[in-house]
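Asks: The residues making up each chain are set out below.
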Amino acid sequence: MCIRPGKEARLDWLLDPLRYDFFVRALVVGMLLGVTCGAIGCFVVLRGMAFIGDALAHAILPGVVIAYLLGVSIVGGAVIAGVLTALLISAISRTEQVREDAAIGIVFTGAFALGIVLISRVQGYMRDLSHFLFGNILGIAPGDMYVTAAITLVVLLGLALWYRELLVSSFDPGHARAIGLRLGPLHLGLTTLLALTVVGGIQAVGVVLVAALLVTPAATARLLTDRLPVMIGLAAALGCGAAVIGLYASYYIAIASGGAVVLTSTLIFVLVLLLAPQRGVVARWNAQRAQSF
Amino acid sequence: MGHGSQAEPTVTLEGVTVVYPGLTQPALSNVTLGLASGQRTALIGPNGSGKSTLLKALVGLVPLAQGCITLLGRAAAPGNPQVAYVPQRSDVDWRFPITAAGVALMGRDVHLRWPRWPSRADRALAAAALDLVDMGAYANRHIAALSGGQQQRVFLARALAQQAELLLLDEPFAGVDTATTALIFDLIDQRCAAGGTVVVATHDLATVSAHFDQVVLVRQQIIACGTPAEVLQPDLLAEAYGGPLALFHHPVAVHKHAALEPPELPLRHR
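Sequence order for the protein chains is X and L. Here the first sequence is numbered in my numbering, starting from 33 and rising by one per residue. Here the second sequence is numbered in my numbering, starting from 46 and rising by one per residue.
Some hints could be false.
Claimed, not checked - On the chain X side, residues computed to face chain L include the following (Cβ under 7 Å): (1) Gly190; (2) Leu193; (3) Asp204; (4) Gly206; (5) Arg209; (6) Ile211; (7) Gly212; (8) Arg214; (9) Leu215; (10) Asp258; (11) Arg259.
What the hints contain is simulated information worked out from the structure, not anything from laboratory work. The beta-carbon is built from N, C-alpha and C at its ideal position, and this holds for glycine as well.
Construct all of the structure, not just a fragment, from the sequences and the given hints.
Replies: Written out as structure tokens, the structure reads:
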């Protein structure tokens with residue numbers, strides 16, 4: 033008898049991991065976060081807010097620890113800490129005595145230090161701290177999946193409703209002021225959405241890598257288009273795709289899932305940087321060569 | 046959009062004084078001025094004379110230490126759909142993913158209610174504005190892929206797409222070629238013929254008498270205001286620029302070898 037793999041057999045490797053609920057949850061959360069982080073990441077990249085995204089991730093540690101001590105929702109504690117951090121950074125930079133990047137540096141390290149001090153008073157929290165630092169997408173509880181879905185909904189709705197304001201103020205702040213947009217509240221609102229996104233991202237890839245979810249797909253998308261709506265769509269698709277590929281890779285070759293997702297994203301970026309139709313290194317090199325002959 | 050009566054000024058400034066924080070000398074002092082509908086006004090004066098500040102005050106971007114500005118019965122404030130403003134050098138992110146059409150469409154935002162999603166009609170107005178500045182063929186080009194003069198035209202298109210009564214242009218002729226300069230003058234004439242009011246801050250004194258109805262000579266305060274022939278007088282210009290000024294095309298030229306001075310270079314002293 034001749035054994036040829038049928039259509040079903042060929043799909044087996046795709047379907048096999050889906051037998052496990054934890055993998056399905058990881059896939060759902062990874063795809064939701066890929067879309068959310070990709071979309072808001074476009075504004076993070078265009079407005080030069082990568083540092084603030086990274087800082088927000090660190091600064092929510094005390095919120096996580098306090099929530100753990102009180103026995104309430106850890107994600108809830110993280111959201112509150114993230115939003116408070118956003119408000120604090122905005123308040124300090126509004127005094128105009130300290131530049132915003134310095135204010136970010138002060139607030140996030142201070143908050144992170146507070147978290148470490150709190151942890152040192154709590155016994156047996158070290159295992160969870162490693163989840164905080166490196167993420168635990170394969171261990172996501174059903175409840176946290178719904179929280180991630182809610183975060184996705186709020187962030188995408190916020191971006192859609194303030195799309196024009198964010199577009200105008202990111203491109204031309206002077207024109208934004210002239211047409212009566214209030215830049216301070218707008219920036220604070222975006223930072224708050226970013227804090228929400230970061231809390232979601234930490235569940236998947238942890239504090240250390242969450243900036244990658246925000247920055248890498250968006251920067252990759254920018255290499256492929258000159259239009260913001262297309263860039264947002266591409267970044268969301270790339271973020272989502274990297275999550276799926278990374279999770280399957282982590283399943284089959286037994287590697288850390290958070291790292292696999294981010295590494296996939298990074299590899300796609302490198303490929304696009306080299307091979308993008310107009311901005312790619314190869315295309316530009318060819319154009320230069322064509323010019324010199 | 047024509048306003049009809051010439052008698053009623055569209056814009057009035059009364060005793061306007063602007064002092065920037067940290068400075069003791071006012072940028073503008075006690076400026077009183079009226080701008081009528083259909084009037085083309087040139088703001089002239091040396092660098093740092095307060096021309097840009099005057100335009101920003103009309104937009105409502107700088108707080109007034111004293112005085113008041115009324116535009117069509119409203120106090121000057123940001124977000125007035127009837128005021129379109131093209132700054133001297135737009136402080137924009139040139140790497141931002143946006144096309145010429147996208148920039149022109151931003152002229153519609155001030156008219157739209159939150160969440161300001163533009164309609165098909167808004168897109169059509171933006172496209173028409175690009176055609177007005179001869180940039181229709183470049184609508185889908187990225188903003189950084191355009192030359193300086195083309196970029197200037199796109200920002201002008203954004204202001205035109207706004208369809209405002211009052212059009213404020215800060216140094217629109219700086220660094221643009223003669224074709225663009227001619228096009229900007231044409232558009233100014235069209236706007237004013239349709240009842241709009243246009244104010245242009247410019248260094249190009251040679252073109253002022255041919256293209257403007259009113260000239261305002263400023264140096265912190267108004268040194269002279271009137272028709273080009275009234276204002277472009279050697280003694281008044283000397284008072285503003287701090288020395289006798291040689292001027293090409295001068296209606297009452299007194300110098301035998303009048304020469305066109307490049308606007309930013311030191312003025313000729315004799």
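Asks: Could you run down the list of hints and mark each one as holding or not?
Replies: Now for the hints, and whether the structure bears them out:
Annotation: interface hint on X/Gly190 violated; nearest CB of chain L at approximately 10 Å, more than 7 Å. Given hint, X/Leu193 at the interface with chain L, holds; its Cβ is 5 Å from that chain's nearest Cβ, closer than 7 Å. Annotation: X/Asp204 was flagged as interfacial toward chain L, and the flag holds, the nearest CB pair being 4 Å apart, inside 7 Å. Among the interface hints, the one on X/Gly206 holds; its C-beta lies about 5 Å from the nearest C-beta in chain L, closer than the 7 Å criterion.
Given the 7 Å rule on beta carbons, the hint for X/Arg209 holds: about 6 Å separates it from the nearest Cβ of chain L. The beta carbon of X/Ile211 is positioned within 7 Å of a beta carbon in chain L (closest approach about 4 Å), and the interface hint is therefore held. Interface hint status for X/Gly212: upheld, as the beta-carbon distance to the closest one in chain L is roughly 2 Å, under 7 Å. Checking X/Arg214 against chain L by beta carbon gives a least distance of about 9 Å; that is not within 7 Å, so the hint is violated.
Checking X/Leu215 against chain L by beta carbon gives a least distance of about 11 Å; that is not within 7 Å, so the hint is violated. Using the Cβ-Cβ criterion of 7 Å, the hint placing X/Asp258 at the interface with chain L is satisfied: the shortest such distance is roughly 4 Å. Against a cut-off of 7 Å between C-beta atoms, the interface hint on X/Arg259 holds, since the closest Cβ of chain L lies about 6 Å away.
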